[in-house]
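A.B. asks: Chains as they are written, first to last, in our numbering: chain X, 1 to 324; chain F, 1 to 324; chain Y, 1 to 324.
It should be emphasised that the hints constitute simulated quantities derived from the structure, not laboratory data.
Given the structure is predicted, the values throughout are model-derived calculations rather than measurements.
Be a bit skeptical, because a hint or two may be false.
Just so you know, same-sequence chains aren't split out, so a pair can sit in one copy or run between any two.
[As the list claims (entries may be wrong)] Below, in silico cross-link-like pairs of lysine to any residue (SDA-like), each with a Cα-Cα straight-line distance of 20 Å or less:
| no. | residue 1 | residue 2 |
| --- | --- | --- |
| 1 | K85 | P277 |
| 2 | K85 | E63 |
| 3 | K77 | G54 |
| 4 | K48 | H134 |
| 5 | K160 | L8 |
| 6 | K48 | G316 |
| 7 | K48 | K77 |
| 8 | K262 | R198 |
| 9 | K85 | S222 |
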Amino acid sequence: MIQKNIQLDNQGRLKHLLTLEGLTRQMIIDILDAAESFTSVAGQAVKKVPLLRGKTIVNLFFEDSTRTLTTFELAAKRLSADVLKINVRTSATSKGESLLDMLRNLEAMHCDMFVVRHAESGAAHFIASHVAPHISVINAGDGRHAHPTQALLDMFTIRKHKGEFAPLTVAIVGDIMHSRVARSQIHALTTLGVSEVRVVAPNSLIPTAVNTLGVHVYHDLSEGLHNADVVIMLRLQKERMQGANLPSEHEYFQRYGLIPEKMALAKPNAIVMHPGPINRGVEMSSEVADGPQSVILEQVSNGIAVRMAVMSLVLGRPLEGTMT
Amino acid sequence: MIQKNIQLDNQGRLKHLLTLEGLTRQMIIDILDAAESFTSVAGQAVKKVPLLRGKTIVNLFFEDSTRTLTTFELAAKRLSADVLKINVRTSATSKGESLLDMLRNLEAMHCDMFVVRHAESGAAHFIASHVAPHISVINAGDGRHAHPTQALLDMFTIRKHKGEFAPLTVAIVGDIMHSRVARSQIHALTTLGVSEVRVVAPNSLIPTAVNTLGVHVYHDLSEGLHNADVVIMLRLQKERMQGANLPSEHEYFQRYGLIPEKMALAKPNAIVMHPGPINRGVEMSSEVADGPQSVILEQVSNGIAVRMAVMSLVLGRPLEGTMT
Amino acid sequence: MIQKNIQLDNQGRLKHLLTLEGLTRQMIIDILDAAESFTSVAGQAVKKVPLLRGKTIVNLFFEDSTRTLTTFELAAKRLSADVLKINVRTSATSKGESLLDMLRNLEAMHCDMFVVRHAESGAAHFIASHVAPHISVINAGDGRHAHPTQALLDMFTIRKHKGEFAPLTVAIVGDIMHSRVARSQIHALTTLGVSEVRVVAPNSLIPTAVNTLGVHVYHDLSEGLHNADVVIMLRLQKERMQGANLPSEHEYFQRYGLIPEKMALAKPNAIVMHPGPINRGVEMSSEVADGPQSVILEQVSNGIAVRMAVMSLVLGRPLEGTMT
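One chain only, chain X, in its complex shape (with noise of 0.2 Å):
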């Protein structure tokens, strides 16, 4: 199985981000204060930070991700880094030896990080321990593992809004089964000591091993939303669900959509969150996304901060007054 500790060097600190497992609540707590004070950074007229200067960044995209790769870029620019983008066709993953040997040499080109995202449950952790000493590698989604920058900022997210997390209820709406996105939402959620963490889906889109991970199953989108805190909905990707025996998208939405009626149902300074991008009518209507509760645009302006807070922590270098 996965090792979990090797994201971790000898004092314990943290060398890679591969999942939010085995990462203790300080830890958590720790990246999300580091995050607070890039946000800042945006709001400069320089939003530039030279803390990662000369340092090289790879983005090993195996997968394609416009919006991911674009935070990750933008977060290694503001830090002054060298972003180096390699084109990886999906083909070399089959070839265990020239991925190997592609590392190797981008190892031996003086790279600090590589930025891994990949279809395979996995790649992320099987580069990191394959890496030389001096590599960080972050993971930015594998398959149906991890994701654990993008729960990190909606850890962030919910800290802005809530406070804190103990009280909370949290409810995640949609296709747990096959998201990465909701399995580090998990952890995280778990980790920081929230409440109750619920998942709503029909049964189909129920992981079959949900009952080691201390969540509260729902199928009624209704009774899932009761008094929430907060309402995660996940994207519906259509091409992870053949074979799931799914209604169509219009009788998911009738089911699961979140429509500002079942939205009535949460708390009612609950905020409502999606990791993007929408796909409208499906898992919610306009009207939600767009209206007063929504935080999801605020959780792409902090998905910069929290990558920033992450890139600058594992290669050593938290924020200390090094503004420029």
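Model the placement of chains F and Y on the given structure of chain X, informed by the hints.
C.D. replies: Chains F and Y in isolation, oriented as in the chain X frame:
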């Protein structure tokens, strides 16, 4: 219809550059003067000024254009901005909603400027009228509508060679009907007080509303060139001319191609311009393109300075002794 | 035929790097010495020097090559240059005129250097003989002709391990006929005074004019490796070998593949080199590629330093205590 005044802020300063319609003579002169300052940057050992350091400029090119994209990218880098290139498929434009979601996301990432190129007229206006207040939009060519930075660099080039605009006779030759470049040039030339603007083309390539433009129409190239100070050749875009009853390229060159004998009909010190890339042997012969009266490559150089000027002006940072 | 002296300016200094033919021993040594200074940059916390700040370097890759493109891009960024990557389709090369128009335009944009890779021999020379005086051209591989920076990084690696060139016996194994790498290596090795340069290949992969190169030809791998100090394996490029009467890959490996038993015939402290990417099980076994005598990854590291040296030398900026 398209609003023009959205490109000015409350104090009447340039916030977006979408079209030259609605800009005063003085505003155009101010841009040319600012560009003048930037021409010296290209001659420096270090071709870089820190004016837009920490700003994020996004090239949103929905239509392919290596040349224009490259000049905007270079202009942004020489202003020390961070540059992002988003791969947008033309299909995304048909869904207005997903385009808006993309814009919202880029805004949330604290981008500062969108440089937009699009096959549909009005696309840059649409985007400018939907962006957040902190974003500036520059039109890098939209459909048949406008290409303001091209027209500005043309005006800059004319001023360099001719000094005053008022006494000039300028002939624009080619596919006037489908040309956003011609439309923007005509607006610039008439605003700057050029005494005679001529368009020269077969009847099928003259727009029906030509009489509203304040230009003189010629169907014969020799007549149109007679005593001209400036000859602007347009690029013949074959894909735009389907059904235009156009003769063959060979016939077109016979009637409208610029060759030394025709050029001799203009004033002896007349200059020849072309927005590029040239179809040699269609719009003009190589003797003219590479001849002593051609200023075509100067246009390219001036394009960088003009784009640097526009970018720094719309972001509120005129050049003020901040050379690095 | 191809001119060689165009790569030197009036004072005999390197202006372009197109081939190693015509360079003196001292000029090659000077490049290796400059590269030596740059190896320390990779070890710094900030892997960046401001030598080429404000310079614009254009990667003109008419032939795909992730690895070489990446090393040139990294070298340029670590010299603080602005880097532009032009997507050029191979079709553009057939029209000589439009290639020249593209070059004229890039010159007009005040670019400073073209790094050219092309499938046709002589392409870099052609470009260098047609660019404006302020442009430097670096050949990143042209057809079967030359790949000078690869040969320089190989020489750098050999010098690191062996010190003096004169006493060495160097064996180059593989597809000599189609290899621009081999041609450049042979020029470098003979110019540097290596006492014995051997080429080892089946007769069908030996160029007919081999006797003009000053090398010893071997058809038997064991004989060719006997007492060698340096073993350079070439990449087998299948697409270049059509009609070469080549045996199958398996047969090739049986006869010319480097395995520990064969390597044992060379000197005990011999080093093994390969320009990458390796076809494991074709040119060599993994035992050798990853073994203690392999310096293949060092070659990659050295490639960055050598390219930084070449880029700064041709732009007239040798390293002179200007570390940031």
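A.B. asks: Hint by hint, say whether it matches the structure.
C.D. replies: We went through each hint and held it up to the structure:
In the homo-oligomer, the alpha carbons of K85 and P277 lie at most 20 Å apart only across protomers (19 Å), although the nearest pairing inside one protomer, at 22 Å, exceeds that limit. In this assembly of identical chains, K85 and E63 lie within 20 Å of each other by CA distance both inside one copy and across copies; the values are 13 Å within and 18 Å between. Taking CA atoms no more than 20 Å apart as the test, K77 paired with G54 passes in both settings, with 11 Å inside one copy and 9 Å between copies. Within a single copy, K48 and H134 get their C-alpha atoms only as close as 25 Å, which misses the 20 Å cut-off; across copies the closest is 18 Å, which meets it.
Neither within a single protomer nor between protomers do K160 and L8 lie at most 20 Å apart by alpha-carbon distance, with minima of 27 Å and 35 Å respectively. For a Cα distance limit of 20 Å, the shortest separation of K48 from G316 qualifies both inside one copy, at 18 Å, and across copies, at 19 Å. In this homomeric assembly, K48 and K77 come within 20 Å of each other (Cα to Cα) both inside a single copy, at 8 Å, and across copies, at 15 Å. In the homo-oligomer, the alpha carbons of K262 and R198 lie at most 20 Å apart inside one protomer (16 Å), although the nearest pairing across protomers, at 64 Å, exceeds that limit.
For the homomeric pair K85 and S222, neither the shortest alpha-carbon distance inside one copy (44 Å) nor that between copies (42 Å) is at most 20 Å.
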